[in-house]
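Chemist: Sequence:
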Amino acid sequence: MKRAALASVGLAAAGVLLQAALAFAQERADAPKEARLSFEAPKACPDEGTLARDVASRLGYEPFRASATTGIAVTITAKGPAFAGRIEVTDAAGKVQGRRELPTERDCAELVHAAAFAVAIVIDPLRAQQGPAPLPSAPPSASSAPVAVAPPAPTPSPPPAPTPSQPTPASTAPSDPVHLHAAAGMTFSALRVPSLGLGARIEVGLRQRRWSVSLEGQSTFPLGDEQGEGGAVSASLVSALAVPCLHAGILGACALVELGALQGTGRGVDVPKRDTTVLFALGARVMAEVFLASWLYLRPAIDLLAPVTRTTLRIGERPVWTTPPLGLTGSVSVGTVFR
Numbered sequence: 018m019k020r021a022a023l024a025s026v027g028l029a030a031a032g033v034l035l036q037a038a039l040a041f042a043q044e045r046a047d048a049p050k051e052a053r054l055s056f057e058a059p060k061a062c063p064d065e066g067t068l069a070r071d072v073a074s075r076l077g078y079e080p081f082r083a084s085a086t087t088g089i090a091v092t093i094t095a096k097g098p099a100f101a102g103r104i105e106v107t108d109a110a111g112k113v114q115g116r117r118e119l120p121t122e123r124d125c126a127e128l129v130h131a132a133a134f135a136v137a138i139v140i141d142p143l144r145a146q147q148g149p150a151p152l153p154s155a156p157p158s159a160s161s162a163p164v165a166v167a168p169p170a171p172t173p174s175p176p177p178a179p180t181p182s183q184p185t186p187a188s189t190a191p192s193d194p195v196h197l198h199a200a201a202g203m204t205f206s207a208l209r210v211p212s213l214g215l216g217a218r219i220e221v222g223l224r225q226r227r228w229s230v231s232l233e234g235q236s237t238f239p240l241g242d243e244q245g246e247g248g249a250v251s252a253s254l255v256s257a258l259a260v261p262c263l264h265a266g267i268l269g270a271c272a273l274v275e276l277g278a279l280q281g282t283g284r285g286v287d288v289p290k291r292d293t294t295v296l297f298a299l300g301a302r303v304m305a306e307v308f309l310a311s312w313l314y315l316r317p318a319i320d321l322l323a324p325v326t327r328t329t330l331r332i333g334e335r336p337v338w339t340t341p342p343l344g345l346t347g348s349v350s351v352g353t354v355f356r
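Here the working numbering is used: the first residue of the sequence shown is 18, the next is one more, and so on.
Hints listed in this document are in silico derivations from the structure and should not be mistaken for laboratory results. Think of the CB as a built atom: it goes at the ideal place given N, C-alpha and C, for glycine as much as any other residue. Check each hint, because a few of them may be wrong.
What the hints assert, rightly or not - Below 30 Å or equal to it, Euclidean Cα-Cα: the simulated DSBU-like pairs (lysine-lysine) are:
1) 112 <-> 96
2) 60 <-> 112
3) 96 <-> 60
What the hints assert, rightly or not - Each pair of labels, with its calculated beta carbon distance range:
4) 203 <-> 341: 49 to 55 Å
5) 240 <-> 65: 54 to 60 Å
6) 113 <-> 309: 42 to 48 Å
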């Protein structure tokens, strides 16, 4: 994934390079290039020093000087669970000479590493394409005398035209951190209690970019009764669910394991009776998560649950309602991710 992202960044940086070439055209090709660096990013991202060191490692020298006429501004912003980047090149008067958007990444450290690759190409494309190089060592002190004089090295033949090489992936931060999340919402159900049901749901769990696992608690209350000969019945449901999920972008799919208590009540009968039975059900969920901010999301979902144990509510000896083989629940929840 990082190789594909850096290849995309190489193409994006090529556009910046073409637009910013005039800013470097009058500098000698064999002299180190200089630029002024400006960097803005969320607190969760690596800092300006990390970006500067990465660029210097690629070029083999420190390119950033406060007195340089050419400015390079790197801006990273949070977009939902991911991060987006932008590079701008300006001249001595502050006029923008080039601008390019970087591909969106979920890992900010990976995006900063890719931005360093693009900045190195803008400053010194020949050295940047040769890959990371060690910074030059400090010059020997004036008081130290050479032990021996080495013969001059033979003049090397002109090197072949450089080809873009894949830079070494960054390994300073985990690519997919795990976060705690919590959510609460409303539920609307059919075929789970004798009439349409309205309820509430709360959850807490762990999540990562591609998966999550949660423990949920929910309650469902009937909006009416099921009428039968000689009376009516109603029921409410309180349950807990284990919910492992897989995520792909804003969409997700989950398995559901539910254990709960179904409480039935007779109404309009001579001897009202209330009874509670255990409910065990298995099912699946499809959902979409729309991030309103990097830490806040809205999630509509639809659950299908099949009870393994089924309950029949009776008036006297006459059955009035039996748990259907498949129940449907829709929900809308608001959640937060603790980053």
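Chemist: So does residue 240 sit 54 to 60 Å from residue 65, Cβ to Cβ?
Modeler: holds, 58 Å
Chemist: Does 49 to 55 Å hold as the CB distance between residue 203 and residue 341, or does it fail?
Modeler: violated, 22 Å
Chemist: Can you confirm whether the C-alpha distance between residue 96 and residue 60 stays at or below 30 Å?
Modeler: holds, 14 Å
Chemist: For the pair supplied as a hint, residue 60 and residue 112, confirm whether the alpha-carbon distance does not exceed 30 Å.
Modeler: holds, 28 Å
Chemist: Hey, residue 112 versus residue 96, does the alpha-carbon distance stay inside 30 Å?
Modeler: holds, 27 Å
Chemist: When you take the CB atoms of residue 113 and residue 309, is the distance between them in 42 to 48 Å?
Modeler: violated, 31 Å
Violated hints, listed in ascending order, are 4, 6; each of the other numbered hints is respected by the structure.
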